[in-house]
Amino acid sequence: MTSAPAIELKGISKAFGPVQANKDISIRVMPGTIHGIIGENGAGKSTLMSILYGFYKADKGEIFIGGKKTLIPDSQAAIAAGIGMVFQHFKLVENFTVLENIILGAEDGALLRPSLAKARQSLTDLASEYGLDVDPDAIVENLSVGHQQRVEILKALYRQADILILDEPTGVLTPTEADQLFRILNRLREEGKTIILITHKLREIMDTTDTVSVMRRGEMTATVKTSETSPAGLAELMVGRKVLLQVDKVPAKVGATVLEVENLSVIDDKGVERVKGISLDVKAGEILGIAGVAGNGQSELLEVLGGITSGTGIIRVNGQDIDLTGKFSDGRSRRARGIAHVPEDRQREGLIMDYMAWENTAFGYHHDPAYQSGILMNNAAIRADTEAKMQRFDVRPPNPKLTAKNFSGGNQQKIVLAREIERNPDLLLIGQPTRGVDIGAIEFIHKQIVALRDQGKAILLVSVELDEIFVLSDRVAVMFDGKIMGFRDPAQTDEKELGLMMAGIVEEAA
Amino acid sequence: MDFLTMIQVLDSTVRLATPLLLACLAGLFSERAGIFDIGLEGKMLAAAFFSAAIAAMTGSVWLGLLAGIAASLVLSAIHGLASITFRGNQLISGVAINFLAAGMTVLIAQSWFKQGGRTPSLMGGGRFNPIELPFAEALSTVPFLGPIYAELISGHSILVYVAFACVPATWWLLFRTRFGLRLRAVGENPAAVDTAGVSVVGLRFAAVAICGLLCGIAGAYLATGLQAGFVKDMTAGRGFIALAALIFAKWRPWYALSACLLFGFLQAIALRYQNIDLWAFTVPVQVMDALPYILTVVILAGFVGKAIPPRAGGEPYVKER
Amino acid sequence: MEKMPAWADAVLVPLISLLLAAILSALVIIGIGEDPIAAVKLMVQGSLGSTYGWGYTLYYATNFMFTGLAVSVAFHARMFNIGGEGQAMLGGLGVAIVCLYMPWPHWSLALIFATISSAAFGAAWAFLPAYLQAKRGSHIVITTIMFNFIAAALLNYLLVNVMRPAGAMDPATAKFPEATHLPTLHDMLAPFGIAFSKAAPANVSLIVAIIACVAVYFLIWRTKLGYEIRAFGHSESGAKYAGISPVKITVIAMLISGGLAGMMATNNVMGESERLIMNATEGAGFIGIAVALMGRSHPLGVFLAAILFGFLYQGGAELALWTSIPRELIVVIQALVILFTGALDNMVRMPLEKLFLMFRKGDA
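Chains as they are written, first to last, in my numbering: chain P, 406 to 915; chain L, 143 to 463; chain Y, 28 to 391.
Mixed in with the good hints there might be a few duds.
As the list claims (entries may be wrong) - Simulated crosslink set (DSSO-like; lysine-lysine; CA at most 27 Å straight-line):
#	chain 1	residue 1	chain 2	residue 2
1	P	606	P	852
2	P	675	L	256
3	L	392	P	474
4	P	901	P	654
5	P	852	P	654
6	P	654	P	688
7	P	888	P	681
8	Y	275	P	732
9	L	461	P	462
10	L	461	P	810
11	P	473	P	654
12	P	415	L	461
13	P	428	Y	381
14	Y	225	Y	251
15	L	392	Y	251
16	Y	381	P	462
17	L	461	P	428
18	P	888	P	630
19	Y	381	P	810
20	Y	225	P	732
21	P	806	Y	381
22	Y	381	L	461
23	P	688	P	852
24	P	806	Y	251
25	Y	68	L	256
26	P	810	Y	251
27	Y	225	Y	68
28	P	630	P	415
29	Y	275	Y	251
30	L	256	P	465
31	P	675	P	888
32	P	675	P	658
33	Y	275	P	675
34	Y	381	P	465
35	P	732	Y	251
36	P	675	Y	162
The hints are simulated quantities; they were obtained by calculation from the structure and are not laboratory data.
Put together the whole structure using the sequences plus the hints.
Structure, rendered in C-alpha cells:
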C-alpha cells in the first residue's frame, strides 16, 4: 500500500497525577479500514483516543493525520482534521432536539434558523446513505440508547469526519442493535471512512476489524492483522500471559431455597418500569448468574434486593417476607436478614472513597454491636478487625488507615468482598464482581465466590460479562427489558443462545 | 384604590421592578450557562457605588454608568476566576463577592468622600432623568389611556426602557442565535459543548461577563436613576429578590419579566402603605417584605410547578479524571 | 498514592490562603491611604492588649464559634447552610421568651433553659429548608437565604407590633430580669484573684461554646450519627447502599446546625444586650461561613478561626474608633478569607500538589 496512514501516533505519553495512563505509544491506522484497539479496563485505550480527539493533552508525542504532522490541542482541531468521536458516555444535551445537538458547535453563521434548515436536509441525506434514521425533532432524552448513539455518529458525519472513533460502542446495546451498528460501520468503511473501534470484547474485534492493536497497562503491546490472529492469541497479548478463564469447581450441592422472588416490579424516579414482574429463586449452595446487556433491569433488581430502592411484589428470604416499601425496606434491614451485597459500582456505592479502609469495613455494618455501643463507635475494634480482614483477603497495602481512593481497583473490591463475605451471609448479592479489576485479582475474587457457594450459601450474580457468567454460574437467567427471558444450564447452552435471549429472542428448545 | 392611585402604584412598580429585572436577566445568563450566582447583590452594590461616585466627580451620569459596569465586571471576573478557572464552589464565591462589595464600597466611599460611607447627592447631569415620550403632555387628558401613557409608560429614565427592552433581546439571543444555543448547552452538558469543539471556559466567561454588564446597569440605575446617590447597603436584598424571581421564572426571560413586575409591585405596595386592610385582616407591611421570599420557597418546594435549574448548574466542569 | 501529605492539606493550604488574604487586606489599607503596619499594631493593642480588649475579642469569638460550628456540621453532610443568620435571629427569640416570660431563681437554670430554647428555635427555623431539601430537592442554599429574609421580617414584626413594651419607641423587647444576668468573665475570674475588665461583654456562654466545640468533635468523629453524617456527605448513593436514610441525615444534620446557630443567642442576646433588639446578630451567621471554611470544618479549627475573627472584629472596632478606617474593613477581610479559603482553594492547592509531586518524583 502506498497511501499514507490515516492516523499515525508517535511516542504518545500521558500521566494523570502519579498514574501513567499512556506510555510511549505509537500506532498507524490505514485509511479505509476498521482498526480495533483492544485491552482490559484501565489499559489506557480511552485515554489514547481522547488525546487523538483533543479532549486530553498528551504530555509527549506527535500526531500525524494523512501523513501530515498535526497539532490537536482541542476538539476543535480534531474536528478540523476530520476526526469524529463517539464516546462511551454520550456527549449529548439531553433536553435539546436531535437537530440542535447535530448543529451544536457546527452552526453556519450566528443565527440558528438557516443552520437548522441545512442540518435537516443533510440529515435526510445521511439517513438514506447509511441507514441512520432518527427523527430530527425528537428530544434526545426520549430516544433509546441505540438511537442516541446514532445521533452521535450523525454528529460526526455532519462535521464531515473521515475518521470515526468509537469507544466501547456496544456496551449499552443489545446484540441486535450491535449488529445494526456494525452494518453501519461496514457501510462507512466502504465509503472510504477510517474507523477506530475501542473495545474489550474479543468477539467484536474478530468479527469486524481489519487490523487490531493491543494495549496493556498503558502500553501498546502489538499491532496485528485480524485475519492472522485468534481470540486466544489476543487474550494472551492483552494480559501478558495465558488466561485461565476457568475456576476449579465441584458440582453444586444444592440445598433449601434461600431467596424467592415473585412478580417483582421496580419503577424508577422517572416513572419508567425497569423490572417487570419477574420471579426467580436461589437455593443454598448455588450461584444463579443473571446475564444481560447493561440497562435491562439487572441493576435495579440488585438494588431492590439490597434495599436501596423500593419495589412491588414478593421477596422471601428463608421463607420469610421482606419489606419492600415500608420502614424496613433499607439496606440495614436487609443485612439484618442475612443478605450481603457487593454492589455493581464500588466507587459510588460500595465504598466511601474518602473514608479510610477501616471506616469502610464498618460501612453498612456500623450498627453491629461489635463496632459500636449505642452512640459511640468503637473505632479501635473496627481497626483491629480491618487489619485481620486485610490479611485474609490479601489487600495491598494492608494499611487500615489508607483512604479507599488510594487503593487499586482490585484491592478496593477486595475490601468490599471481605466486608460482605466475612459476614457469613445466607444470601450474597454480587454485581459486576470484577469490573475494573486486574487479572490477578479476578482469579482471587472468583475463587472466593465459589468458596462461599461451597459453604452452602446462596449467591445471586449479576454480570454483563458472559465469560464470567459461564465460569461462575450453576444456573443462568437472562434479563431483557426488565423481564427474565428464561433459565438455562450453563453446561447445556452457549454464547449464541444466550446472546439471542439477551436480545429478547427465545428459541424454545424442541 | 382609585384609578390615579393605581396608576401611581403601577408607575412605582415599574421603577422598582427595573433593577430587579436587570439583575434577574443577569442571573439568567449566568445560570443558564451553568454558573450559579448568588453574588448579584454584591455586583449591583459595587456598580451603584462606582456609578454614583464617578457621576458625582465628573458630573456625567454616562461616565458613571460606565464606571458602574466596570466595577461589576471586575467582580464578575473574580467569580469567573474562582468558579470557572479554579473550579471552586460557586456559592461560596458568590458569598465572598457580596461581602467584598459591601465592605469595599463603604471603605472607598469613606476614603473618597468622607461622608460616612455615602456619595454626595447627585444633581442635574449626574442623574438619569425622566424621558418624556412624544405627545405625553398632549394625550394626558384623554380619559383612561391618557394617564396610562403619560404617567405609566412615559416619564421614566432611559435605563427603565433599556431594562424592558432586554427581555425580548434576551429571549432572542438565547433561543434564536448560535451563541444562545451554545450557552444553553453549556449549562446543561458542558462535555457536549467541549467535544463539539467549543470552549466551555470561553462560553462561561462570556455568560458571566454579560451577567456583570447587566448587574452594572442595575446598580447604576439604583444610584443614579431610582435614587440620587449611593448610600451604604442600598441594594437592600434586591439581588436576592432577583435571584428569587429567577427561580420563580424558571430561568425564562418572559417569565422573569412577570416575576419581577410582581415582586416590584409588592415593593411598591409596601412602600406606599404601612398596613393593608383586606376585609377582616390587617396585613402588616412585613408580610409584603417577606412575600417574595415566601413565594420563592413555595415554588422551590415544587407544590406549584417545579422549578428545574439547568442540569450542570453549580458544578465546575472537570475534564481530566 | 496521596497527592499531598495530610498535614499540608490541613495546615499549609489554609495558612497560605490566609496569608494571601492578609496581603490583599494590607494593600486595601494602603489603597485608602493608611498604614497597614500601624493598623495591625492598633488592632492588636485594641483587641489583645488589655483584658477589656480580650473581653470583646472573646465575646465576638463566642458568637463565631456557634455559627462556625453550625456551618461546619452542615458542611460535613455536604450542605451549605447559609441561613445561620436567620437561625441565630430565631435563637434570640427563643432566649427572649425564656427570659421574659418565665421566672428564674438563678442564672444557671435560666442559661440551661435559654440554651435549650434557643437551640430549639434555631433548629425549628432550619427544619423547613432541610425538609424541603430532603423530600422535594429544593436547593438548601436558596431556601436558607430566603429564610434569612423571612426571619428578619418576622422579627421586625414581632419587635414592632408584639414584644415591644407599651410606650417604648425603639423596636426591642423589655430588659430581661436581673436573675437572668449571666456572669461575665470579670465575675467568673474574680474569685481566683484574676482581675478582668468589668466592662467587657465576654461571659459564661464562652464556656458553653467551648463545650459545643468538644461536643461537635465527638459527634462528627466518634459517634455513629457522625459516621453516618460524614458518609452521607461524601456520597449520597453510598449512604443509600449502606442503609443510611438521606432524608433522616439531611434533616438531623440541619437541625443540629440550626440549633448551634440558634445557641449563639445565649451570648449576644442573653449575655450582652440582655434584651432582644433588631439585627442583634450583626452578621455573625455569615461570619460562621468564613470561620468554618478557615477551620476546615474541624471544631479545633473553628475554635481558632473564631478567635481570629473575634480579634479582627474587636480590632476593627478599635480602628474605626481611632482612625478613619471604617469597620467595613473587617467585612472586606472576611470576604477575602472566604474567597481564598473557600472559592479559590484550588488556586492554592493545585500548585502545591504539583510541588509535592515534584519532590516525590525527585525522591524516587
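Given the hinted pair residue 381 of chain Y and residue 462 of chain P, is their Cα-Cα distance within 27 Å? At roughly 17 Å apart (the allowed maximum being 27 Å), residue 462 of chain P and residue 381 of chain Y satisfy the hint.
For residue 473 of chain P and residue 654 of chain P, compute the direct alpha-carbon distance and say whether it is at most 27 Å. violated (55 Å)
Straight-line Cα separation of residue 461 of chain L and residue 462 of chain P no greater than 27 Å? holds (11 Å)
Keeping to a limit of 27 Å between CA atoms, is the pair of residue 256 of chain L and residue 465 of chain P held or broken? Outside the cut-off at roughly 59 Å; violated.
Would the hint linking residue 275 of chain Y and residue 732 of chain P be met if the CA-CA limit is 27 Å? At roughly 12 Å apart (the allowed maximum being 27 Å), residue 732 of chain P and residue 275 of chain Y satisfy the hint.
Assess, step by step, whether the Cα of residue 806 of chain P is no farther than 27 Å from the Cα of residue 251 of chain Y, and give holds or violated. holds (19 Å)
Regarding the pair residue 630 of chain P and residue 415 of chain P, is the alpha-carbon distance no greater than 27 Å? holds (20 Å)
Is the Cα-Cα distance between residue 461 of chain L and residue 810 of chain P 27 Å or less? Status holds; Cα separation ~19 Å.
Given the hinted pair residue 675 of chain P and residue 888 of chain P, is their alpha-carbon gap at most 27 Å? holds (19 Å)
Hint consistency between residue 68 of chain Y and residue 256 of chain L [alpha-carbon to alpha-carbon, up to 27 Å]: holds (24 Å)
Between the alpha carbons of residue 888 of chain P and residue 630 of chain P, is the straight-line distance 27 Å or under? Measuring from Cα to Cα gives roughly 40 Å; hence the hint is violated.
Decide if the proposed pair is consistent with the structure: residue 392 of chain L and residue 251 of chain Y, CA atoms, cutoff 27 Å inclusive. violated (40 Å)
Checked against the numbered hints above, the structure violates hints 2, 3, 11, 14, 15, 18, 20, 30, 32; every other hint is satisfied.
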